[in-house]
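Asks: I would like the entire structure built from these sequences, with the hints used as guidance.
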Amino acid sequence: MKISELWLRESVDLTGISRAQLLQKLTAAGLEVEDCVEVAPAFSGVLVAEIVECEKHPDADKLRVCKVSIGELKLLQIVCGAPNARVGLKAPLATVGSVLPGGLQIKIGKLRGIESFGMLCSSTELGLPAGVDGLYELPNDAPVGVSIRDYLALDDSVIELKMTPNRSDCLGVLGLTRELCALFNRKAIGVTADVVTPSISDLRDIVLEDSVGCPRYLGQVVKGINPQAMTPIWLQERLRRCGIRSIHPVVDITNYVLLEFGQPMHAFNLAALRGAVTARRAHAGESLKLLDEQTVQLDPSFLMIADAEKALAIAGVMGGFDSRVTAESVDIFFEAAHFAPEAIMGRARRLGLHTDASHRFERGVDAALPEAALARATSLLLQICGGQAGPICRAENLDSIPKAKNVKLRRSKLDEVLGVQVSDANVEAIFRDLGFTVSVEAANQAPDTSWLVTPHSGRFDISIEADLIEEVARVFGYDQIPVRLPSLRLTPLATHEAQRPAGDLRRLLCARDYQEAITFAFTSSVSLQAFGLVGHSIKNPLSAEIDVMRPSLLPNLLTVLAQNQRRQQDRVRLFELGVVFLDQGQAEPSRIAGVAIGAVANENWGTPSRVVDYFDVKGDVDALLIATCAPRYVAFANEQAPIYLHPGRSAQVLIGEHAIGVIGQLHPALVKLLDLRGAPVVFELDLAAVRDANVPKAQSLSKFPSSRRDLAVVLNESVTFAALKACALTAAGEMLSALDCFDVYRGAGLPEGCKSLAISLILQDFSRTLGDEEVEALVQRVIAAIAAELGGVIRS
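Under the working numbering, the residue at position 333 of the sequence shown is numbered 333, and the numbers go up by one with no gaps.
It is possible that part of the hints are untrue.
Computed spacing ranges between beta-carbons, pair by pair [said to hold, decoys possible]:
{"hint": "1", "residue 1": "502", "residue 2": "566", "range": "29 to 37 Å"}
{"hint": "2", "residue 1": "659", "residue 2": "610", "range": "48 to 56 Å"}
{"hint": "3", "residue 1": "497", "residue 2": "760", "range": "32 to 40 Å"}
{"hint": "4", "residue 1": "130", "residue 2": "673", "range": "54 to 62 Å"}
{"hint": "5", "residue 1": "768", "residue 2": "582", "range": "50 to 58 Å"}
{"hint": "6", "residue 1": "497", "residue 2": "34", "range": "51 to 59 Å"}
{"hint": "7", "residue 1": "668", "residue 2": "768", "range": "53 to 61 Å"}
{"hint": "8", "residue 1": "87", "residue 2": "38", "range": "32 to 40 Å"}
{"hint": "9", "residue 1": "200", "residue 2": "353", "range": "31 to 39 Å"}
{"hint": "10", "residue 1": "423", "residue 2": "223", "range": "50 to 58 Å"}
{"hint": "11", "residue 1": "601", "residue 2": "708", "range": "29 to 37 Å"}
{"hint": "12", "residue 1": "497", "residue 2": "789", "range": "36 to 44 Å"}
Hints listed in this document are in silico derivations from the structure and should not be mistaken for laboratory results. This one's a predicted model, so the numbers in the text were calculated from it and none came from an experiment. Using N, Cα and C, we set each Cβ at its ideal position, and we do this for glycine too.
Replies: Below you can see the structure in the form of structure tokens.
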């Protein structure tokens with residue numbers, strides 16, 4: 001928002017406050033100053049002048065010899081080449097000795113033999129925005145001989161403020177005035193507006209069909225305005241400095257009131273209205289040609305202002321073209337309304353628009369402003385354009401108008417949060433300067449004073465005690481609050497040694513050459529379909545590509561992997577720890593997942609290049625699980641693997657009989673769909689199971705020797721070593737301290753479809769030496785179990 005510094009100083013007595021102090025205080029109070037620029041560059045000696053005589057130069061077709069008055073008895077002779085130089089024109093005159101922007105000094109000159117005692121100026125020559133081609137034409141009532149800097153109030157600056165969405169009350173001079181009164185403890189000068197006494201009885205019926213979206217609508221008929229009237233130069237300048245172009249006196253007045261009060265207004269050509277003015281929802285398929293001459297298609301989500309026959313405007317956004325005020329309009333209908341933010345929010349954006357009105361109504365406008373704004377606009381219109389005003393037309397639904405909420409502030413809480421004591425008188429003065437009403441409540445427990453504060457109707461952001469504390473802090477000044485370290489009793493969180501820190505898991509995978517990725521908790525429903533997964537839909541997604549909550553970490557991780565490959569990264573190792581979202585009503589478990597593709601190791605001369613495979617990643621998973629439980633209970637079962645994994649190169653990860661995740665190579669169909677160069681190996685595990693660690697228990701080494709027995713077992717190709725190991729461990733019990741496979745044979749001497757696994761059994765007791773008979777009995781028990789459960793026989 002842009003605002004004139006001079007306008008602010010006319011609204012609040014800021015005597016003795018420098019520009020730098022003003023800007024610093026606004027920023028410190030949360031109204032960030034983005035920029036501050038001078039209205040006009042430095043120049044001097046330029047006066048308001050009137051051309052009294054204007055004749056053609058005798059020796060030049062395009063030059064004119066003018067006699068110019070600057071309020072003295074003697075007229076000045078000026079040679080001018082401007083096309084609009086004429087008798088009666090008032091324009092800026094740079095007198096001899098004056099200095100213009102850029103350091104140009106005006107001297108007595110001679111043009112084609114005729115002396116010129118100064119220079120009549122265009123707007124660009126004074127460093128002002130370009131106007132008409134030629135001299136800067138001033139109003140007929142401009143006082144001759146007055147400094148142009150004083151007449152146009154050019155010793156001014158334009159302050160650009162960056163407003164946060166909660167401070168819609170400061171989108172007008174009225175709101176900024178309250179802020180400045182509180183920040184500098186000054187009094188407001190206020191707006192002087194004559195009370196308009198109706199001189200005609202013309203009324204307009206108003207109907208609120210949607211009294212929730214539009215709970216208050218005020219209007220006023222003004223007839224017989226002068227269509228030839230011009231907007232005063234002071235009003236044009238104020239609009240220009242706030243970034244608004246002067247269009248027509250009626251439109252300029254509505255824009256001026258918008259800037260002054262923060263209340264958007266609109267003016268209709270009264271001749272274009274038929275019947276009652278109605279606030280209603282748009283009809284399905286209804287269209288409207290807007291002021292910018294584009295025609296938009298509407299639906300019932302749009303709040304409209306209409307008459308008995310047609311739509312007139314999109315409420316809170318923009319007026320219609322056919323009901324606009326034109327240069328021929330003599331009768332108008334002013335409107336000033338309060339629209340609920342919910343009825344306006346997002347409507348302009350859907351039409352590709354962003355207007356001053358929508359910017360304010362979306363954030364919330366004070367419901368008490370319409371009547372004051374209407375009176376101010378009508379008063380200005382009668383002063384500038386004449387005419388006769390009728391009484392105010394009004395329609396209201398008081399139940400839907402926001403009501404101020406009383407909020408209690410305790411002295412003890414204020415001191416606790418700020419860490420400094422602000423006096424009672426100062427606290428109360430801050431609230432009153434901000435336009436709040438405040439009363440002191442009797443202390444329940446002395447000396448804890450409390451205040452009951454009612455914010456003014458435009459402060460929608462004040463609802464709880466913390467909001468009041470923030471108001472006191474920012475007005476009192478954050479720089480006045482001493483910097484102190486908090487005095488707190490900190491108790492370290494209790495951690496259990498059976499719960500592995502997530503940081504340990506991160507460090508372990510990083511040590512194994514993985515890099516951590518952090519992806520959105522959302523993903524694409526289309527992507528999930530390819531994975532055979534379903535996610536919860538999001539009602540208001542950030543984009544169509546991330547429209548569901550992720551039920552797995554892998555889809556997003558694989559997307560990141562694909563992006564890396566497109567950037568010529570062929571060797572990628574990624575992992576992520578995060579929450580996944582399963583069926584509604586279920587817990588949201590945390591998981592740890594990883595993906596790997598490319599060479600096992602970075603290219604080097606000493607190691608042959610090899611692509612990462614299932615067993616490489618299985619080693620990484622083993623490393624994660626090494627502290628979770630005794631290795632004898634971890635198994636990888638090639639059963640019930642998800643459809644997004646290769647059916648012959650994937651497995652479920654089991655601890656005992658409990659499945660905690662999956663590992664495997666990505667399915668070829670998904671590899672093709674994701675356009676990957678090669679098939680990545682992935683894993684995803686339940687984080688809680690991985691973090692559950694066995695508490696280390698010290699025990700002495702056995703003093704007794706172990707016994708080793710080797711067996712060559714012939715098994716069907718479909719039987720895995722994991723199944724063989726589980727069977728042997730169960731059969732031998734605690735006496736079997738280790739079991740390893742040291743050879744695999746396929747070939748001559750074996751039945752078709754069979755393999756021979758050579759295993760070693762390490763048998764040991766901690767209390768005694770095992771005899772040969774006991775060892776042999778244990779071995780036979782293992783052989784019997786393998787034969788019964790797996791169909792294995794000892795190879796002869």
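Asks: Please go over all the hints and tell whether each is borne out by the structure.
Replies: Hints versus structure:
no.	hint	in the structure
1	502 with 566: 29 to 37 Å	holds (30 Å)
2	659 with 610: 48 to 56 Å	violated (30 Å)
3	497 with 760: 32 to 40 Å	holds (34 Å)
4	130 with 673: 54 to 62 Å	holds (59 Å)
5	768 with 582: 50 to 58 Å	holds (52 Å)
6	497 with 34: 51 to 59 Å	holds (54 Å)
7	668 with 768: 53 to 61 Å	holds (56 Å)
8	87 with 38: 32 to 40 Å	holds (34 Å)
9	200 with 353: 31 to 39 Å	holds (36 Å)
10	423 with 223: 50 to 58 Å	holds (56 Å)
11	601 with 708: 29 to 37 Å	holds (34 Å)
12	497 with 789: 36 to 44 Å	holds (37 Å)
In terms of the numbered hints stated before, the structure departs from hint 2 and from no other.
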